[in-house]
Structure formats: C-alpha cells, structure tokens
Amino acid sequence: MTAQAPIQAESETGGGTWRFPANRPLRLDSGATLAPLEIAYKTYGRLNDERTNAILVCHALTGDQHLASTHPVTGKPGWWDRFVGPGKPLDPDRHFIICSNVIGGCMGSTGPASIDPATGEPYGLKFPVITIADMVRAQAMLIEAMGIETLFAAIGGSMGGMQVQQWAADYPEKLFSAVIIAAAARHSAQNIAFHEVGRQAIMADPNWMSGAYLTAGVRPEKGLAVARMAAHITYLSEAALQRKFGRELQRDGLSWGFDADFQVESYLRHQGASFVDRFDANSYLYITRALDYFDLAARHGGVLAEAFMKARHVRFCVLSFSSDWLYPTAESRDIVRALNGAGCRTSFAEIATDKGHDAFFLDEPLLDQTLRGFLGAQAQARGLA
Amino acid sequence: MTRIREDFAEILKLVRPSARVLDVGCGEGELLELLTREKQVDGQGLELGPENVAACVARGLSVVQGDGDRDLDHFPTRAFDYAILSKTLQQMREPRHVLNELLRIADQAVVSVPNFGHWRVRWALLSQGRMPETGALPEPWWSTPNIHLCTLRDFVDLCDQLGLRIDGCAALSDGRPAREIDPRAPIENWRAETALFLLSRKAEPAPPAAMPQQNLFGEVELPKPEAPVPKRRGTRKA
Numbered sequence: 001m002t003a004q005a006p007i008q009a010e011s012e013t014g015g016g017t018w019r020f021p022a023n024r025p026l027r028l029d030s031g032a033t034l035a036p037l038e039i040a041y042k043t044y045g046r047l048n049d050e051r052t053n054a055i056l057v058c059h060a061l062t063g064d065q066h067l068a069s070t071h072p073v074t075g076k077p078g079w080w081d082r083f084v085g086p087g088k089p090l091d092p093d094r095h096f097i098i099c100s101n102v103i104g105g106c107m108g109s110t111g112p113a114s115i116d117p118a119t120g121e122p123y124g125l126k127f128p129v130i131t132i133a134d135m136v137r138a139q140a141m142l143i144e145a146m147g148i149e150t151l152f153a154a155i156g157g158s159m160g161g162m163q164v165q166q167w168a169a170d171y172p173e174k175l176f177s178a179v180i181i182a183a184a185a186r187h188s189a190q191n192i193a194f195h196e197v198g199r200q201a202i203m204a205d206p207n208w209m210s211g212a213y214l215t216a217g218v219r220p221e222k223g224l225a226v227a228r229m230a231a232h233i234t235y236l237s238e239a240a241l242q243r244k245f246g247r248e249l250q251r252d253g254l255s256w257g258f259d260a261d262f263q264v265e266s267y268l269r270h271q272g273a274s275f276v277d278r279f280d281a282n283s284y285l286y287i288t289r290a291l292d293y294f295d296l297a298a299r300h301g302g303v304l305a306e307a308f309m310k311a312r313h314v315r316f317c318v319l320s321f322s323s324d325w326l327y328p329t330a331e332s333r334d335i336v337r338a339l340n341g342a343g344c345r346t347s348f349a350e351i352a353t354d355k356g357h358d359a360f361f362l363d364e365p366l367l368d369q370t371l372r373g374f375l376g377a378q379a380q381a382r383g384l385a
Numbered sequence: 001m002t003r004i005r006e007d008f009a010e011i012l013k014l015v016r017p018s019a020r021v022l023d024v025g026c027g028e029g030e031l032l033e034l035l036t037r038e039k040q041v042d043g044q045g046l047e048l049g050p051e052n053v054a055a056c057v058a059r060g061l062s063v064v065q066g067d068g069d070r071d072l073d074h075f076p077t078r079a080f081d082y083a084i085l086s087k088t089l090q091q092m093r094e095p096r097h098v099l100n101e102l103l104r105i106a107d108q109a110v111v112s113v114p115n116f117g118h119w120r121v122r123w124a125l126l127s128q129g130r131m132p133e134t135g136a137l138p139e140p141w142w143s144t145p146n147i148h149l150c151t152l153r154d155f156v157d158l159c160d161q162l163g164l165r166i167d168g169c170a171a172l173s174d175g176r177p178a179r180e181i182d183p184r185a186p187i188e189n190w191r192a193e194t195a196l197f198l199l200s201r202k203a204e205p206a207p208p209a210a211m212p213q214q215n216l217f218g219e220v221e222l223p224k225p226e227a228p229v230p231k232r233r234g235t236r237k238a
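Protein chains in written order, with UniProt numbering: chain A, 1 to 385; chain B, 1 to 238.
No wet-lab data here; the hints were simulated from the structure.
There could be a bad hint or two in this list.
As the list claims (entries may be wrong) - The following label-pair restraints were derived from C-beta to C-beta distances:
| hint | chain 1 | residue 1 | chain 2 | residue 2 | range |
| --- | --- | --- | --- | --- | --- |
| 1 | A | Ala-298 | B | Arg-5 | 44 to 52 Å |
| 2 | B | Gly-49 | A | Phe-262 | 56 to 64 Å |
| 3 | B | Glu-133 | A | Ala-298 | 54 to 62 Å |
| 4 | A | Arg-247 | B | Gly-49 | 46 to 54 Å |
| 5 | A | Thr-150 | B | Trp-142 | 53 to 61 Å |
| 6 | A | Glu-149 | B | Arg-5 | 38 to 46 Å |
| 7 | A | Ala-189 | B | Gln-40 | 42 to 50 Å |
Said to hold, decoys possible - Quick look at which bits of chain B chain A covers, simulated, 3 or more residues with Cβ under 8 Å:
| hint | region |
| --- | --- |
| 8 | 33-40 |
| 9 | 43-57 |
| 10 | 82-92 |
To be verified - Chain B is nowhere near these chain A residues, computed Cβ spacing over 12 Å in every case:
| hint | residue |
| --- | --- |
| 11 | Thr-234 |
| 12 | Val-336 |
| 13 | Arg-337 |
| 14 | Gly-373 |
Glycine residues also receive a C-beta, built at the ideal position from the N, C-alpha and C atoms.
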C-alpha cells in the first residue's frame with residue numbers, strides 16, 4: 001500500500017490521509033466494497049518502540065479527527081481538547097493518540113462527498129450504506145497499516161462508544177482496554193425517530209436535489225441546519241436548557257412575529273447555521289443511518305454478552321451521565337450487564353450531572369478523574385507507567 | 001503497613017488464593033486491593049458512590065457503580081467463588097433477596113452482621129428503654145441506615161430458612177482479634193458484637209478438592225468431618 005504519511009518520529013502532532021489502493025478495498029456489511037479508500041487522521045504523541053502505547057479515540061456523529069488541534073474550518077480548539085494534552089488524561093507525552101475521521105464522514109475520509117471513481121463525480125447517494133462495523137473495519141486497516149498490533153486503549157463517547165463496543169466484538173485481540181462513554185448497544189426507537197426527523201429535514205430542502213447537490217453546486221443548508229437544531233436538543237437536558245436560557249429574550253419585548261425572540265431560539269439557529277459550514281448533508285444521512293442500524297446483540301444471536309465473549313482479557317470502563325436522555329444510564333447498564341455476563345473485567349460509573357449527553361465534552365471533574373485513574377491503572381498493568 | 005481492619009484480616013484468611021471475589025459495597029476498594037495484593041484474587045466490586053468508584057478504578061480495580069439491593073442482577077450465576085457483604089446486610093431493603101442473590105452469584109458468601117442480641121444492646125434497652133447506640137451501632141434511631149437489624153439467632157434462623165449452610169463463623173469486636181464461634185451457642189448471642197459468616201448453599205456440595213485444606217482462619221489442617229450438627233434452635237433460651 002502507499003503510505004501517505006509515515007509514523008511521526010519527531011513531531012508531536014501528525015496526521016494526514018492514508019490511502020488504500022483499489023486492490024485493498026474495504027468490504028462493507030451491505031456486501032458492497034469501497035475502493036480506493038482514504039482515511040484522514042490526526043495523531044498526538046509518539047509511538048513507543050514496543051508499539052504498546054497507542055490509543056484510538058473514536059469520534060461521535062458530527063465529530064472528526066481534529067481531536068486536540070485547531071479545526072481547519074471553524075478555527076476552534078479540538079473537540080476533546082479538554083482531555084487530550086500534556087498532563088491531561090490522554091497525554092501525548094506518554095501515549096500515541098490516534099483519531100481518524102469515520103468513513104462516510106466529510107473531513108477527508110472517503111464519504112458521499114468523495115469522488116466516485118466510476119463516474120468522476122461526487123458519490124452522493126451512490127455511496128454505499130455503511131455501518132458502525134464498517135467504520136471500525138476501516139479503523140482496523142489504518143491501525144494495521146501503522147504497524148500497531150494492539151491498542152493500549154480504544155476510547156469513545158456516543159457513536160464513538162458504539163465503535164469501541166464494535167472493536168471489542170470484532171477485534172478483541174487488538175485491544176488491551178476500552179472506554180465506552182455515554183453510549184448504547186443499539187439504537188432505540190426514540191433514537192431512530194429523532195434521526196428520521198433530521199434526515200427528512202435535509203431531504204425536504206429543495207437544494208438537496210436527491211443527494212446530487214454538489215454536482216449542481218448548491219448545498220441543502222436549511223435542511224441540514226434544522227436537522228442539527230433538532231439533534232442538538234437531544235444532546236442537552238431540560239435542566240441545562242432552562243439554566244442556560246430560561247425564557248430570556250433576545251431583546252426587550254416580543255417581536256409579535258417569528259424572529260428569534262427567545263435566547264434559546266437564537267442559540268439553536270446559531271448551532272444550525274454554524275454546523276452547515278463544517279458538515280456535509282449526505283454524510284449526515286449516511287452516518288445517522290449507520291447509527292440506526294447499530295444493534296450489536298442482533299449480530300450475535302440477540303445476546304449482547306455473546307458479542308463480548310472473546311474480549312475477556314480486555315479491561316472495560318463504561319461511563320454514563322445521569323441527565324443523558326439520548327443514551328440513558330439504563331443503556332450503559334445493559335452494556336455492563338453483558339460485559340459481566342461475558343466475564344469481562346468491567347468498571348462502570350454514572351456521573352451525576354445536569355448537562356445531558358454533551359457532558360462528555362464538558363468540564364466534569366469526575367469524568368476527568370475516572371478516565372485519568374482508569375488509564376493510569378491500565379498503563380501500570382500494561383507496563384507503560 | 002497500617003493496621004488492617006479486623007474483619008478484613010479475617011476475610012483475608014478466609015479467601016483462597018486466585019479466587020474470583022465480588023465485594024458488595026466495596027467503598028474505595030481497600031479490601032479488594034488487599035485481597036488482590038495478598039491473595040492474587042480476581043476482584044470485582046459493586047459500590048454506590050461514584051467518587052468511590054473513581055477511586056477504585058484508579059487503583060486498577062474493576063468496580064461497577066450500583067446498589068446491592070437492585071443491581072446484583074448485573075452479575076451472572078456462579079460468576080464468583082466468594083461474594084463479600086461487609087456490615088451492610090442490615091441496611092438492605094430486602095436482606096433475604098440479597099442473601100439469595102449473593103449465593104446465586106457466588107459459591108460462598110462472606111457476610112458480616114452486627115448482633116442486636118449483644119448484651120450492651122439488651123442492657124441499653126432494658127435499663128433505659130431507649131434504642132441502643134453502641135460501637136457497632138453508633139447512630140440514633142432516626143438517622144441510622146440500619147433498617148433490618150437482627151440478632152445472631154435471627155440470622156442463623158434465616159440461613160436455615162433459606163437453605164444456607166454456615167461453613168464458619170467468627171465474632172468480631174472493635175480492636176480485638178476475631179474469635180471463632182459456634183453461632184448457635186446461646187452465649188454468643190450475648191457476647192458477639194458483630195459476627196462474620198461464611199455461607200454456602202446446602203443443596204450444592206462444597207467446591208471440589210481444589211480448595212486447600214484451610215479452616216476458617218486460614219490454618220492448614222487435616223480435613224475433618226462436617227462440624228457437629230448443633231442442637232435444634234428453639235430448644236434453649238438465648
């Protein structure tokens with residue numbers, strides 16, 4: 001294969017796009033294949049000589065590889081900057097931290113906005129439907145290409161936590177430890193319902209053009225913004241919204257019209273508008289579909305514990321947030337029950353917070369403390385400390 | 001090394017090396033860490049407080065946040081050699097259910113309970129007519145977490161009802177070394193401040209010979225016949 005970028009020997013932060021040629025296709029659950037395949041990634045820190053200190057961080061639905069470095073589009077700090085950096089739980093001075101853009105994404109990995117080699121045009125809806133397992137299969141190709149046999153840890157929140165579970169099910173021999181934050185082992189009816197609202201909003205935008213908007217030179221920005229607004233509500237809690245906005249108005253008095261009178265409206269509009277600058281509408285369709293299709297137990301005879309049977313040597317840490325109603329604590333407990341049933345070493349904590357699902361991006365001292373403690377203890381067990 | 005709590009010292013003697021151990025209400029994991037260090041056990045904890053869970057995780061222990069009353073269903077049947085419940089059975093909403101669960105999950109349960117039949121308790125009630133506050137039961141009635149107190153005799157009766165075999169029993173009192181006792185002896189229902197039990201299911205045979213020939217207190221000794229069957233309860237005054 002042609003390695004676009006060698007593993008960093010000197011620089012602390014690295015990355016690039018790994019290209020897998022057409023003779024190394026990615027085989028998808030749907031039966032389709034994807035080739036050539038590109039995976040965009042960032043790395044932080046250095047791989048040690050024994051190649052035992054690699055941590056893969058799996059990003060969430062709208063995340064990307066810019067884990068702890070400035071986002072090239074928004075100019076904002078990396079999405080998990082709070083937890084990744086010198087002296088932080090994920091420490092480039094000790095760990096080799098990898099984060100790659102999922103396939104189907106829009107930040108450099110092959111996705112619906114990539115050029116379809118068959119037509120020379122963007123894939124659009126010709127892009128095959130992908131699953132969480134497909135995303136993980138692509139990550140495994142990247143890790144292997146980097147010469148890493150075993151990950152010291154796979155860590156992810158939300159959709160990232162689903163990928164980590166999939167790693168434990170499909171590549172247990174490549175895992176030493178696993179951290180699953182605010183996730184679920186399958187999408188519930190409510191999860192699917194919210195995603196369907198988002199997809200319908202995108203598809204109802206005339207600029208969506210049946211998915212061929214890139215060829216037409218337009219973007220379904222309104223639809224994508226509405227999808228983001230609806231989804232964003234599910235990432236917060238009622239208490240957090242109330243605390244942040246209450247019924248506060250944008251300006252004195254009501255407009256007696258449909259301007260954004262309330263601060264919460266203005267906030268959501270801003271969330272929607274800024275999202276469209278950095279995200280592709282078709283990617284949103286494909287990735288939400290992958291999430292909806294996710295049901296780890298279904299792939300193992302309906303018994304979730306069966307998925308983890310080969311991961312008994314892996315040390316797991318499962319974390320949930322008390323006010324998360326997108327993937328509530330009960331979903332995490334189901335994962336824990338299955339892990340225990342499989343005989344895996346499992347820790348679980350529910351972190352009390354009113355910040356909802358998004359708490360895993362935010363300042364939660366107990367999250368920091370647990371993550372730091374878990375990785376520290378695992379580093380000792382792995383002989384890294 | 002700091003002094004080991006006397007109930008921990010007893011449990012340490014009791015647990016055989018490399019066993020699989022579940023500690024229900026493991027706090028910050030002191031006991032699990034001790035057992036891991038001294039007996040190389042494969043430990044798992046269940047603990048209510050998230051800060052305690054974080055402390056355990058930092059010690060390299062596997063601990064699930066949960067409530068002994070509600071969350072023992074997290075663990076599969078016979079997943080452990082020992083389930084430990086230290087001085088908290090009396091705080092459970094359903095002690096019978098908890099005992100049954102412990103012995104579903106594990107082959108043996110190590111359970112310690114404060115004895116409400118202790119002479120100090122009886123004396124406090126008799127002389128003052130008030131709910132006793134003692135070393136083992138320090139809180140006033142209105143704030144005590146102990147909602148299901150029992151005497152040694154009550155506990156032995158419950159074991160009989162649930163079909164549990166008492167494989168060993170030791171009396172604990174603060175600051176003094178543990179003392180092996182016959183929990184059915186009436187005098188112990190006056191003397192023992194807290195009792196530590198090793199329980200198993202009657203129906204199932206004791207674990208096979210893999211178990212070293214150790215008695216309750218860890219002294220290696222020759223196998224001896226089943227402990228003499230105590231006299232039927234209720235035939236003596238306690």
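Going down the list of hints, with the structure as the test:
1. Ala-298/A - Arg-5/B: 44 to 52 Å: holds, 47 Å
2. Gly-49/B - Phe-262/A: 56 to 64 Å: violated, 39 Å
3. Glu-133/B - Ala-298/A: 54 to 62 Å: Check passed, 56 Å falls within 54 to 62 Å.
4. Arg-247/A - Gly-49/B: 46 to 54 Å: violated, 36 Å
5. Thr-150/A - Trp-142/B: 53 to 61 Å: Check passed, 55 Å falls within 53 to 61 Å.
6. Glu-149/A - Arg-5/B: 38 to 46 Å: Given range 38 to 46 Å: holds, Cβ gap about 43 Å.
7. Ala-189/A - Gln-40/B: 42 to 50 Å: Check passed, 46 Å falls within 42 to 50 Å.
8. 33-40: It is violated: at least three residues are needed, and the region 33-40 of chain B offers just 0 whose Cβ sits closer than 8 Å to chain A.
9. 43-57: holds (count 8)
10. 82-92: violated (count 0)
11. Thr-234: holds, 24 Å
12. Val-336: Answer for Val-336/A: violated, closest chain B Cβ roughly 6 Å.
13. Arg-337: It is violated; Arg-337/A is separated from chain B by about 5 Å at its closest Cβ, not greater than 12 Å.
14. Gly-373: For Gly-373/A, whose nearest Cβ neighbour in chain B is about 3 Å away, the distance does not exceed 12 Å, so it is violated.
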